[in-house]
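Student: On the provided structure of chain A, position chains B and C as indicated by the hints.
One line per chain: the protein sequences are A, B and C, in this order. Once you know that position 42 of the first sequence is 42 in this note's numbering, the rest is easy, because the numbers rise by one and skip nothing. Once you know that position 148 of the second sequence is 148 in this note's numbering, the rest is easy, because the numbers rise by one and skip nothing. Once you know that position 139 of the third sequence is 139 in this note's numbering, the rest is easy, because the numbers rise by one and skip nothing.
Simulated from the structure, these hints should not be mistaken for laboratory data. A hint or two may mislead.
As the list claims (entries may be wrong) - To give an idea of the chain B side of the interface with chain C (calculated C-beta under 10 Å), a few residues: (1) Ser39; (2) Gln56; (3) Ile57; (4) Ile58; (5) Val59; (6) Thr131; (7) Thr140; (8) Gly164.
Claimed, not checked - Listed next, with one range per pair, are the computed distances between beta-carbon atoms: (9) Thr21(C) <-> Asp93(A): 35 to 45 Å; (10) Trp6(A) <-> His190(C): 49 to 59 Å; (11) Asn96(A) <-> Ala8(B): 41 to 51 Å; (12) Ala11(B) <-> Trp15(C): 48 to 58 Å; (13) Asn96(A) <-> Gly166(B): 15 to 25 Å; (14) Ala133(B) <-> Leu325(C): 20 to 30 Å; (15) Phe295(C) <-> Val92(A): 51 to 61 Å; (16) Gly15(B) <-> Val92(A): 40 to 50 Å.
Where is the CB? At the ideal position from N, CA and C, for every residue including glycine.
Letter by letter, the chains look like this.
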Amino acid sequence: MIPLPWTLGVSAVVFTLGVVGVLVRRNALVIFMSIELMLNAANLAFVAFARSMGSLDGQVFVFFVMTVAAAEVAVGLAIIVNLFRLRETVFVDEINLLKG
Amino acid sequence: MSLTLFVAFAAMLVGSGLLVILHKNPVTSALFLVLAFCSLAAIYLLLGAEFIGMVQIIVYAGAIMVLFLFVIMYLNLQHDVERGVQIALRRGLGWLAGAVLAAEAVLLFARGWGVGPASTEPPPAVAIGNTQAVGLALYTRYLFPFEITSMILLVAMVGVIVVGKGRQRGEGA
Amino acid sequence: MAAIWSHPDFQFVFWTVVKITVILNGMLGMVSYMIYAERKIAGHMQARTGPNRVGPLGLLQPIADVMKLFFKEEFMPAGASTVVFHLAPVLAVVPALVSFAVVPIGPAFLVTDLNVGLLLFLAMSSLGVYSITLAGWSSNNKYALLGGLRSAAQMISYELAMGLSTIGVLLLAGSLSMVEIVRAQSGFFHLWFLPVPRWFVFAQPIAFVIFMITAFAETNRAPFDLPEAEAELVAGFHTEYSSMKFGLFFLGEFANVITICSIAVTLFLGGWNGPWLPEPLKFVWFFAKLGVLLFFFIWVRWTYPRLRYDQLMHFGWKVLLPIALANIVVTSAWEYWVGSR
Numbered sequence: 001m002i003p004l005p006w007t008l009g010v011s012a013v014v015f016t017l018g019v020v021g022v023l024v025r026r027n028a029l030v031i032f033m034s035i036e037l038m039l040n041a042a043n044l045a046f047v048a049f050a051r052s053m054g055s056l057d058g059q060v061f062v063f064f065v066m067t068v069a070a071a072e073v074a075v076g077l078a079i080i081v082n083l084f085r086l087r088e089t090v091f092v093d094e095i096n097l098l099k100g
Numbered sequence: 001m002s003l004t005l006f007v008a009f010a011a012m013l014v015g016s017g018l019l020v021i022l023h024k025n026p027v028t029s030a031l032f033l034v035l036a037f038c039s040l041a042a043i044y045l046l047l048g049a050e051f052i053g054m055v056q057i058i059v060y061a062g063a064i065m066v067l068f069l070f071v072i073m074y075l076n077l078q079h080d081v082e083r084g085v086q087i088a089l090r091r092g093l094g095w096l097a098g099a100v101l102a103a104e105a106v107l108l109f110a111r112g113w114g115v116g117p118a119s120t121e122p123p124p125a126v127a128i129g130n131t132q133a134v135g136l137a138l139y140t141r142y143l144f145p146f147e148i149t150s151m152i153l154l155v156a157m158v159g160v161i162v163v164g165k166g167r168q169r170g171e172g173a
Numbered sequence: 001m002a003a004i005w006s007h008p009d010f011q012f013v014f015w016t017v018v019k020i021t022v023i024l025n026g027m028l029g030m031v032s033y034m035i036y037a038e039r040k041i042a043g044h045m046q047a048r049t050g051p052n053r054v055g056p057l058g059l060l061q062p063i064a065d066v067m068k069l070f071f072k073e074e075f076m077p078a079g080a081s082t083v084v085f086h087l088a089p090v091l092a093v094v095p096a097l098v099s100f101a102v103v104p105i106g107p108a109f110l111v112t113d114l115n116v117g118l119l120l121f122l123a124m125s126s127l128g129v130y131s132i133t134l135a136g137w138s139s140n141n142k143y144a145l146l147g148g149l150r151s152a153a154q155m156i157s158y159e160l161a162m163g164l165s166t167i168g169v170l171l172l173a174g175s176l177s178m179v180e181i182v183r184a185q186s187g188f189f190h191l192w193f194l195p196v197p198r199w200f201v202f203a204q205p206i207a208f209v210i211f212m213i214t215a216f217a218e219t220n221r222a223p224f225d226l227p228e229a230e231a232e233l234v235a236g237f238h239t240e241y242s243s244m245k246f247g248l249f250f251l252g253e254f255a256n257v258i259t260i261c262s263i264a265v266t267l268f269l270g271g272w273n274g275p276w277l278p279e280p281l282k283f284v285w286f287f288a289k290l291g292v293l294l295f296f297f298i299w300v301r302w303t304y305p306r307l308r309y310d311q312l313m314h315f316g317w318k319v320l321l322p323i324a325l326a327n328i329v330v331t332s333a334w335e336y337w338v339g340s341r
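So here's chain A without its partners, still in its complex pose (with noise of 0.2 Å):
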């Protein structure tokens, strides 16, 4: 079967890739996407864990984060529609509002 190490690698490897997504675009949609990266990637911890231990306990738990990661995706989204209608950018060097 899959060695347990070997899953929990992947998503280490996912996680970090969302965390250098983030800091390093600044797309606000790219930044959001790395987020929901990171979000799977500790999905996958869940559900490598849940079969290592034989309870089903943490596929319970992704069902909850997936509808949690849908619905703040929804409002993420309109929030950043919102801030382009007002700042015509969606970098988010240049949305400075609150600056100076």
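Tutor: Below, chains B and C alone, put in the same frame as chain A:
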């Protein structure tokens, strides 16, 4: 064979994840993210979580990413062109933070913190299927979070409509 | 050689590939002849003959069509994104073909019996939205983009009602596996002196109606075909497509129709269940029912006028969705109090 499949899908996941954060065009990033989600769903199937794997495709790849693509097309975003020393500096720091995180992960694995239980045998096959078992858990032990999740979705729906409408001219702030 | 053959995984993979080849090729053949059937039936409904020149009764027409499409000029609009432009038609065909992997054509005549088969079908119909959206966007053309976004919105709205209408079937069958659902519809019950088969269309008529209506919307067929309406939006999302890429869209649409009709036959019309035939020949019943549903699809297309976009969205969200939800509530109440097997 499942090990080979796992390695293949994991490589696809990591590769598409990398391309998500590297590509300049947001639409291409979104499409690679869809690919990442689909390979993740395949990994879930290999780990015996069939219900979660299918729900991953239905919810993440089929709904959330469609929403992303809608917004990207609606905002008519072009390639990201970012120049300048400041940005290069921030980028360097971002990659450094990622490297630190990766080093931490390697350290944890070297110390054997991710090994899990001694045997790598799959759990004993239960008489009921995966979906039924998840459903039983959801409706008995996790009933309260389940109901709260429905409230979260309702609030999100109302919130999106309110936020998305924007401010009308002539309406009080 | 013998060493490879005796490897247990190799045999499994080999036979699965054989099954996939047979079923996929059969299905693609059905798709091309569906095009012929549509034109012939449309012709007769309009008091003309339809194609009758190419081969006896015009039966070689699809081959002529495909050859014509191959010889047309391939062009790509300036400023279109190459990869996505070429990917979109492929994405139109693939999900429909993948869903066909779980459809049980006969008792032993299927690719695989996934224990979440119904969810696979819903997942693939969710993925079908991408092809149209990407086609519309990558064409670098306002009409195509509008058509693409409208169609995507239509598809995701009707997907909800479709998923909810299948939950009634799930409640009655007790399993997400397609084979289990077909087996749950075997046998007869007696209504006065009439033996009525235990198909779910009799137990869930409203769900069946909702499923068929959403099937029209999901496949972008009339009366929900505003996104590709020839007279309205130039040609909608496939304005800029020519030659074989357009052919692939066409193929994808018919593949989708056949897949959704097969799923409807499996879920509501009892799959391969039917009297008088021995087990190995039961797939004849499946194809008979499939033929009836496909004829119905073609019939509706050439009968009803198009729905306007706001009428379409109103219908999907404010009419179908509440009815589907009410159906689930009523079905679960019935199952709980009256119960069944």
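Student: Hint by hint, say whether it matches the structure.
Tutor: Quick rundown of the hints versus the structure:
The interface hint given for Ser39(B) is broken, as the beta carbon of that residue sits about 14 Å from the closest beta carbon of chain C, more than 10 Å. A cut of 10 Å between beta carbons decides the hint on Gln56(B): the least distance to chain C is about 9 Å, and the hint holds. Interface hint at Ile57(B): satisfied, since its Cβ lies 4 Å from the closest Cβ of chain C, which is below the 10 Å cut-off. At a threshold of 10 Å, the smallest CB-CB gap from Ile58(B) to chain C is about 5 Å, leaving the interface hint in force.
Interface restraint check for Val59(B): the shortest CB-CB distance to chain C comes to about 9 Å, inside 10 Å, so the restraint holds. With a least beta-carbon distance of about 6 Å to chain C, the hint placing Thr131(B) at the interface is held under the 10 Å criterion. With a cut of 10 Å, the hint placing Thr140(B) at the interface with chain C is violated, because the nearest CB-to-CB distance is about 16 Å. Violation of the interface hint for Gly164(B) is found here, the shortest Cβ-Cβ separation to chain C being roughly 14 Å, above the 10 Å cut-off.
Here the CB-CB span from Thr21(C) to Asp93(A) is close to 54 Å, at odds with the stated 35 to 45 Å. Separation of Trp6(A) from His190(C) is about 57 Å and conforms to the stated range, judged on CB atoms against 49 to 59 Å. At roughly 44 Å, the beta carbons of Asn96(A) and Ala8(B) sit within the given window of 41 to 51 Å. Taking the beta carbon of each, Ala11(B) and Trp15(C) are about 27 Å apart, not inside 48 to 58 Å as hinted.
At roughly 21 Å, the beta carbons of Asn96(A) and Gly166(B) sit within the given window of 15 to 25 Å. At roughly 26 Å, the beta-carbon separation of Ala133(B) and Leu325(C) lies within the given 20 to 30 Å, and the hint holds. Taking 51 to 61 Å as the suggested C-beta distance range, the pair Phe295(C) and Val92(A) conforms, at roughly 56 Å. Here the CB-CB span from Gly15(B) to Val92(A) is close to 26 Å, at odds with the stated 40 to 50 Å.
In summary, the structure is inconsistent with hints 1, 7, 8, 9, 12, 16 from the numbered list given earlier, while agreeing with the others.
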